[in-house]
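**Student:** Starting from the given sequences, assemble the full structure and let the hints guide the process.
Those sequence lines, one after another, are chains A and B. For the first sequence, my numbering begins at 1 and goes up steadily by one. For the second sequence, my numbering begins at 1001 and goes up steadily by one.
Hints are not guaranteed to be accurate.
Distance condition first, Cα-Cα at most 30 Å in a straight line; then the derived BS3-like pairs of lysine-lysine [as the list claims (entries may be wrong)]:
1) Lys1166(B) <-> Lys7(A)
2) Lys1031(B) <-> Lys11(A)
3) Lys7(A) <-> Lys1134(B)
4) Lys1089(B) <-> Lys1164(B)
5) Lys1152(B) <-> Lys1166(B)
6) Lys1063(B) <-> Lys38(A)
7) Lys1181(B) <-> Lys2(A)
It should be emphasised that the hints constitute simulated quantities derived from the structure, not laboratory data.
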Amino acid sequence: MKEADIKNLLKQSIKSPSPDFTEKVMASVVLKEQTARKLNPKMLFIVLLFTAVVILSFILRMPEINLYRFNFKLSPTFTVVFSSSFILFCLSRLIDVYHVLASHPPPVAGRG
Amino acid sequence: MTKSNDSDLELVEKVKNGDTSAFRILVDRYKKVSYSLACSILQDDDAEDALQESFIKVFYHIKKFRGDSSFSSWLYRIVVNTCFSMAKKQKKKESFIGRACEKDSIADQSKTGIDHMMASEQSEMINSVLDSMKSDEALLLRLFYLSEMDLKEIMKITGYKESKVKVTLFRARKSLLLKIKSIYTNDLMSVS
Chain A
1 MKEADIKNLL
11 KQSIKSPSPD
21 FTEKVMASVV
31 LKEQTARKLN
41 PKMLFIVLLF
51 TAVVILSFIL
61 RMPEINLYRF
71 NFKLSPTFTV
81 VFSSSFILFC
91 LSRLIDVYHV
101 LASHPPPVAG
111 RG
Chain B
1001 MTKSNDSDLE
1011 LVEKVKNGDT
1021 SAFRILVDRY
1031 KKVSYSLACS
1041 ILQDDDAEDA
1051 LQESFIKVFY
1061 HIKKFRGDSS
1071 FSSWLYRIVV
1081 NTCFSMAKKQ
1091 KKKESFIGRA
1101 CEKDSIADQS
1111 KTGIDHMMAS
1121 EQSEMINSVL
1131 DSMKSDEALL
1141 LRLFYLSEMD
1151 LKEIMKITGY
1161 KESKVKVTLF
1171 RARKSLLLKI
1181 KSIYTNDLMS
1191 VS
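**Tutor:** Written out as structure tokens, the structure is:
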């Protein structure tokens, strides 16, 4: 058997995925693109917020905390990290709530 | 305007500029060969999932494609890597050997000769022979003959060394011919 014969044999063995394969791929591509588009403004908002926290940390200082006989003074780095993680946590919860509300729209008031 | 006879590079440029219809043409153009390659590593259903994942990867990383190699070579590399990692994750290698043995018996029991077969039957027979082979042998055969890649491109796609590609291809060819010959012999015996 020659090389060309093997080639012909293998050409005949070509397999096809399911008929709706292209549609499935295109649907997932479009879906992912839409999700990315939705995420982008959120990401921008988070980045802006984070930048604001960093800038504010140069202006504001956490006051010294006096608890009984103990004295706490937080470093600016800790303040930034702590406050930004707190804000991000709150933001993620708010986004979750927004998604829940968006998926369950309030009932439309009936006529009369 | 995107045409189905546009070259790969033209289509890639269009996809880079946000034309999703150009990507659809690329998917249609390469889905069969890519699926055949994926079937060398994974079972049919998993192969389709891996292929879908590969095409999505291609879409999202197409801006990284600089045209140093052909688009098909780049795509097949992604397909093969995705299939390998999926096989690794699912520990399919053991079950693949099992599947190979199972298909081996099917190939041996086949009593229909090539000359008398309809095209679909012949295609089924060749696929069963390919499935009965080791995954790397079937993969290299398909890469070499089906997607018409040269040794260097196969090395890039699979990550194998030149010696391994040459030896595996040699063994694969020999094994394929032997199996087809055995089907021929079975057919002749059944006729006589």
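**Student:** For every hint, state whether the structure bears it out.
**Tutor:** Status of each hint after checking the structure:
1. Lys1166(B) <-> Lys7(A): Holds, at about 17 Å.
2. Lys1031(B) <-> Lys11(A): Holds. Lys1031(B) to Lys11(A) sits at ~14 Å (cutoff 30 Å).
3. Lys7(A) <-> Lys1134(B): holds (19 Å)
4. Lys1089(B) <-> Lys1164(B): Cα-Cα ~24 Å, so holds.
5. Lys1152(B) <-> Lys1166(B): Cα-Cα ~11 Å, so holds.
6. Lys1063(B) <-> Lys38(A): Judged against 30 Å, a Cα distance of about 21 Å means the pair holds.
7. Lys1181(B) <-> Lys2(A): holds (14 Å)
Of the numbered hints stated above, none is contradicted by the structure.
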